[in-house]
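Protein chains in written order, with my numbering: chain B, 120 to 426; chain P, 231 to 454.
Some clues are possibly wrong.
Footprint (simulated), chain B over chain P, 3 or more residues, beta carbon under 8 angstroms [to be verified]:
{"no.": "1", "region": "318-324"}
{"no.": "2", "region": "328-335"}
{"no.": "3", "region": "340-353"}
{"no.": "4", "region": "407-415"}
Read the hints as simulated data drawn from the structure, not as lab findings. These numbers were taken from a predicted model, which means no experiment stands behind them. Glycine included, C-beta positions come from ideal geometry on N, C-alpha and C.
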Amino acid sequence: MSDRGMSERGMSETFTPQNWRPAPFLPERDERDGSLIFVVAVLCFLACLTAMGVIAANRAAAGWTGQLTGEATVIVRPRGGETPDAAAARAAEALAGTAGVSEARALEASKAYDLIRPWLGDVSDLEDLPVPRLVAVTLDGRHPADAAALKAALAKQGVDATVDDHSIWIKDIRRAGGVVQALGVTIFLLIAAAAAAVVAFATRAGLAARRDVVEVLHLAGAEDGFIARLFQVRFARVAGLAGLIGAGGAAALGVGLRIAGGGGGLTPALPFAWTDILAVIPCPLIAAAVAAAAAQFTATRLIRDMP
Amino acid sequence: MRYGQGPDVLSHLNLALAPGSFHFVTGPSGAGKSSLLKLIYLAARPSKGLVHLFGRDVVHAPASEKPKLRRRIGVVFQDEMLLDHLSVFDNAALPLRIAGRKPADYRNDVAELLTWVGLSQRMDAMPSTLAGGERQRLAIARAVVNRPDILLADEPTGNVDHEMAVRIFRLFVELNRLGTTILIATHDQELIARSGRPVLHLENGRIAPRPAPMPRPAAFGPLS
Chain B
120 MSDRGMSERG MSETFTPQNW RPAPFLPERD ERDGSLIFVV AVLCFLACLT
170 AMGVIAANRA AAGWTGQLTG EATVIVRPRG GETPDAAAAR AAEALAGTAG
220 VSEARALEAS KAYDLIRPWL GDVSDLEDLP VPRLVAVTLD GRHPADAAAL
270 KAALAKQGVD ATVDDHSIWI KDIRRAGGVV QALGVTIFLL IAAAAAAVVA
320 FATRAGLAAR RDVVEVLHLA GAEDGFIARL FQVRFARVAG LAGLIGAGGA
370 AALGVGLRIA GGGGGLTPAL PFAWTDILAV IPCPLIAAAV AAAAAQFTAT
420 RLIRDMP
Chain P
231 MRYGQGPDVL SHLNLALAPG SFHFVTGPSG AGKSSLLKLI YLAARPSKGL
281 VHLFGRDVVH APASEKPKLR RRIGVVFQDE MLLDHLSVFD NAALPLRIAG
331 RKPADYRNDV AELLTWVGLS QRMDAMPSTL AGGERQRLAI ARAVVNRPDI
381 LLADEPTGNV DHEMAVRIFR LFVELNRLGT TILIATHDQE LIARSGRPVL
431 HLENGRIAPR PAPMPRPAAF GPLS
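Please model the entire structure based on the sequences and the hints provided.
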């Protein structure tokens, strides 16, 4: 009995046509599988890290934007004989009654001095300067008031003030978030393309190595699509396994980073969450799909060139 | 017909095989016998000219239609072209699997055929463990297993002993009786002489008058 026969049926069982089961048309194992699995697994590992990084960066950008959009700062300048503190109190009162504002709080004078002290140095008579007062405004989370509404409310009360709704920073943060996201997607696509190229190369090598199989099937009347599908299924399976290994590695690293980073994630700048690890789940499927498409495309082209 | 930029391996060839006929093609090595078979089993395209099979031009047939045509042709390759990772039984059943038949419908037929060609004890062996003659018999079993409309055989009895050669020839005769058109390329003049079948002689890629046949050995009678 052959080695295969012995391994499949056991030594005591003799072959009969009734216990015969059709064997796969392609050999189940190839000596090149190990290297292919390694390369695709590394690519999948990098792709998963990229995906998790992009998700965490998006969360960071969203967090910063949320903080900035939820607040506004009003700089109040006293008019006439009004003291700065009285002007700030009047501004806070006007803003507190405005729709879309949850809270308006005049900051102590010391806060304003603290803000300008770095520019002027430790001047002893700083308190004598006509420093404008600040009003911190917390906006309603669902229906926040915009800068125009705040300005109108202040103007109505005759308060001379400038409203900073942080829009200039929000724009920058959103732009930075978009750049990080685009960069992540680009890296992800590059990795996917590299994986596809590796699989296409492996398919070519596999077809060349198994040209005998392809030729016999071709001459025995197998459809081109049927032969291509054999390679498609084979490489999809190999890439799926590699994707599983790569995704598993990335998930393990994600768990390690999350544990090492504590409650704040990896760093406050990159708040890595447990749920981000879920991003690795589609990896084996995507790897298998990319490999299947690359193998199908390559095999079809090669078979088409046969007479 | 030529390979790449090389010289013509077949030229000025004009022949027709009637359905259900049985021919030999002979000639010295390099005469173009294998190339002629390749043209017929659609493994090569003529650089000029036409090939008609089953009443149609197959040179210009769409690629999508060729698999169906190939399934009607059984081929015994000179180098057998067995798949070494498949068992004897799997190799023999290959054309039937490709044709989409269910194992339950053909497993007994395959076993019977393998028994006929003397491989009943080697059904689960791997081809790499077979002797030359066994490999050739397996190649023949694979070629005839789906009762093709045309059977092309390139030196089918080159590696088998006389008794097995006669047995295989009888298998071909039986297939021919059932309607299969048969064309066998061979150097075996004794087989040709005993068969009494028409012979196509090739030399330098052209049909040439056949040299005087060798006298039939007195000890053997006709094969069919």
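Structure-based check of all given hints:
| no. | hint | verdict |
| --- | --- | --- |
| 1 | 318-324 | holds (count 4) |
| 2 | 328-335 | holds (count 3) |
| 3 | 340-353 | holds (count 3) |
| 4 | 407-415 | violated (count 0) |
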